[in-house]
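Protein chains in written order, with my numbering: chain A, 3 to 115; chain B, 13 to 122.
Don't take each hint at face value.
With a straight-line Cα cutoff of 27 Å, these simulated DSS-like cross-link-like pairs (lysine-lysine) come out [claimed, not checked]: (1) A/K97 with A/K57; (2) B/K83 with A/K73; (3) A/K57 with B/K66; (4) A/K5 with B/K109; (5) B/K114 with A/K5; (6) A/K55 with B/K114.
Just some of the chain A residues that point at chain B, by a computed CB distance under 8 Å [what the hints assert, rightly or not]: (7) Y12; (8) N33; (9) G44; (10) L45; (11) L47; (12) F50; (13) V54; (14) T88; (15) L92; (16) Q101; (17) Q104; (18) G107; (19) P108.
Facing chain A, from chain B, some residues (calculated, C-beta under 7 Å) [unchecked claim]: (20) Y44; (21) Y51; (22) E54; (23) G55; (24) S61; (25) R73; (26) F77; (27) P94; (28) G95; (29) Y108; (30) G113.
Keep in mind the hints are simulated off the structure, nothing from the lab. We treat Cβ as the ideally placed atom computed from N, Cα and C, and that holds for glycine.
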Amino acid sequence: DVKVTQSSRYLVKRTGEKVFLECVQDMDHENMFWYRQDPGLGLRLIYFSYDVKMKEKGDIPEGYSVSREKKERFSLILESASTNQTSMYLCASSKQEAQETQYFGPGTRLLVL
Amino acid sequence: DQQVKQNSPSLSVQEGRISILNCDYTNSMFDYFLWYKKYPAEGPTFLISISSIKDKNEDGRFTVFLNKSAKHLSLHIVPSQPGDSAVYFCAGGSNYKLTFGKGTLLTVNP
């Protein structure tokens, strides 16, 4: 069974803190993605990776960076958290030959105070 | 620029009736389209997809229709069940990436 896990379901951080969100998938998928979901805005792509050590900017990369050192793990980094980064963060993965179907983790709800 | 639009934020239907969720897009380069369902406090789950070269795809109670000339797709759920109550996102995809609409909250009343 396909599984994408995220390190935390809820997280509270202070403005200016460095924040790490971790995502792990056990399906040997090549592609991994980070989205944020905000009320009235749907899901917006932050970054994605189609291979180890490879990364591509999505639609809203500002204020974020990512790391993919191993195939199964994709990390989202907020270098200096700000209140406008309070959101639900969703990780997803997909196979290279079936890239249209993405499998999502349960999400991390981040509150930046 | 919103490439995928779901103009109805919410929809309410009676159990057993048909639910029709609509989606419009502006990007002609999408290779495929998908519908995802999302329950509160869970990640979205894949529901059904359609290639841009098809006009219909059916999977059990779910059918997706694509009208390329109108740049419009719709999801039909027949018959609707209370367990279908969720937020539905449509998405267009190409080159690894998916672009999502804002979602439609479907409520199926018993």
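Hint by hint, here is what the structure shows:
no. : hint              : in the structure
1   : A/K97 with A/K57  : holds, 16 Å
2   : B/K83 with A/K73  : violated, 36 Å
3   : A/K57 with B/K66  : violated, 31 Å
4   : A/K5 with B/K109  : holds, 20 Å
5   : B/K114 with A/K5  : holds, 25 Å
6   : A/K55 with B/K114 : violated, 31 Å
7   : Y12               : violated, 10 Å
8   : N33               : holds, 6 Å
9   : G44               : holds, 4 Å
10  : L45               : holds, 4 Å
11  : L47               : holds, 6 Å
12  : F50               : holds, 6 Å
13  : V54               : violated, 15 Å
14  : T88               : violated, 17 Å
15  : L92               : holds, 6 Å
16  : Q101              : holds, 5 Å
17  : Q104              : holds, 6 Å
18  : G107              : holds, 5 Å
19  : P108              : holds, 5 Å
20  : Y44               : holds, 5 Å
21  : Y51               : violated, 10 Å
22  : E54               : holds, 6 Å
23  : G55               : holds, 3 Å
24  : S61               : holds, 6 Å
25  : R73               : violated, 19 Å
26  : F77               : violated, 17 Å
27  : P94               : violated, 22 Å
28  : G95               : violated, 19 Å
29  : Y108              : holds, 5 Å
30  : G113              : holds, 6 Å
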